[in-house]
Amino acid sequence: MSVRLNQLRPVYVVGVGFHRYQFLSDTTYVELGLTAVRAALADAGLAWPVVESAYVAKALLPMAPGRPMLRHLGATGLPIVHVENASASGSAAFRHACIEVAAGVSDISLVVGVDKPMPVGRAEALARIGGLADDAIAPFTHFALLADAYASRTGATLEDIALVAVKNHRNGSKNPFAQHQKERSLEEILNGKKIAGAFTSLQCTPIGEGAAALIVASEEGLRRQGLGLDRAVRVAASAGRSQRVYEDATRYDAMLTQETAAVALAEAGVSPGALDVVELHDAFTVEEVEYVEAMGLCPEGEAVPRLKEGEFDIGGRCAISPSGGLISMGHPIGPTGVGQIGEITRQLRGEAGDRQQPGARLGLAHMVGVGAVCYVHVLQTV
Amino acid sequence: MDQASLLKPALYRVEGSAAVPGRPALFGGECACGYVFFPLQPYGCERCGGLEFKDKALSGAGTLLASARVYLHAGKGREAPFTVGAIALDDGPIVRTLIEEDSGDPRPGDRMATTLVEVTDTEGASRLDLRFTPETGA
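Protein chains in written order, with the numbering used here: chain S, 1 to 382; chain P, 1 to 138.
In silico lysine-lysine, DSSO-like type, Cα no more than 27 angstroms apart, as pairs:
1. S:182 x S:193
2. P:76 x S:194
3. S:193 x P:76
4. S:182 x S:194
5. S:308 x S:193
Stretches of chain S that chain P covers, calculated by requiring three or more beta carbons in the stretch to come under 8 angstroms of a beta carbon on chain P:
6. 127-141
7. 145-152
8. 243-256
I should point out that these hints are in silico values taken from the structure, not numbers from a laboratory. C-beta: ideal position from N, C-alpha, C; glycine also.
Between the sequences and the hints, there should be enough to build the whole structure, so can you do that?
The following block contains the structure:
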């Protein structure tokens, strides 16, 4: 019989580290990744040799970037695996590191996401199932179509949906690791460069590079290193799913999000209304309004009024994307899902500084990746 | 106008379906489980995993679900701006493709139909490609 993650021994996030997400630079991926890993080890108070396995998330870098990076910490001989799962690479790597520690195969594992922008193809294009005009529908156009449908379904205006970007740029302006660190007015956002449909450039995630790292551990492993659970955050649930056949095939992101979030929340034994802080896949503004409804944070069609009332602000009922989200913090792909867990961990520790959601005790991280796949993790204070 | 003049002859044809004879039909499939899909593929049914499906000519008529004007396009061989739409075909599948340029500003809920427009292929030859346009249009 299968078991859920939280029926196994508890797994904790005990270390968080980042290299700032930024526009393409001369910095090597090795330096990006090592910066994040060293910061995560220092945050955990653990030395590299006690790490028993490494999960390296990347979607854009070529084959096998892990050991050429990690050897500079000392080549301890630990097992290294690479995880590619499109935008959800980092979330998938985190899930599997948690499963390894929960199962007792390892006590202390590293998850690191690192990527740099580079040309990449999609395997789906090799299936030789041509579409009518696939080349004309970039991701921003896919979501621009969903924004048009959302507006016509709910009566929200396209200006309303852009308020997501106002909030997330405001949050990102307080995040030293965010790619965009500037507050933006609604007018600035609406008057930006036009991309597709209602979207202007500041309503779309930027292309960039960066790294994020986490140390996950069992209590036993921590005790052996003379550490306790003082700053540890418990992984309360992990869910991963992939797209099924839906009645409205174009809304697969939201349908898949609904299913995956429901599995994770049920595993954690909590209702969506109990969440204090959420990081979600807001690569484009419309995604946030779609996903808060899909997750049950508010009823269908209510996201815009709730957003306007400040319910999703830091200090509101549930802070959505306090890091700035993909729109402002950025989306370097491999690191993104790892960084979401890092932000939730900092929030639940009360270490998020100017971005702190007061009294945060329960958090959720959500990613979708092309394919489509979806991951949802629930974290809670110990 | 014959099949050889089409840009993507595996996806659509000049001739209409029995239900909508006046509009180019699309080549879809229908599985023994009842699932109707587009485009046709040989690998297996996405709903049931079965391999027992047959060709089905899908009528070139449907309802617009959404549209978006695209201002930025990186790929070669296509100049922005252009408009794409999501159309729920009367036969079931939802397709996303280009809206014919002289279509005005169709809104979700509007009736749409297929039409063939002249385009230039990668070798510079003139071909016909499928577009959607408001049903009352061209």
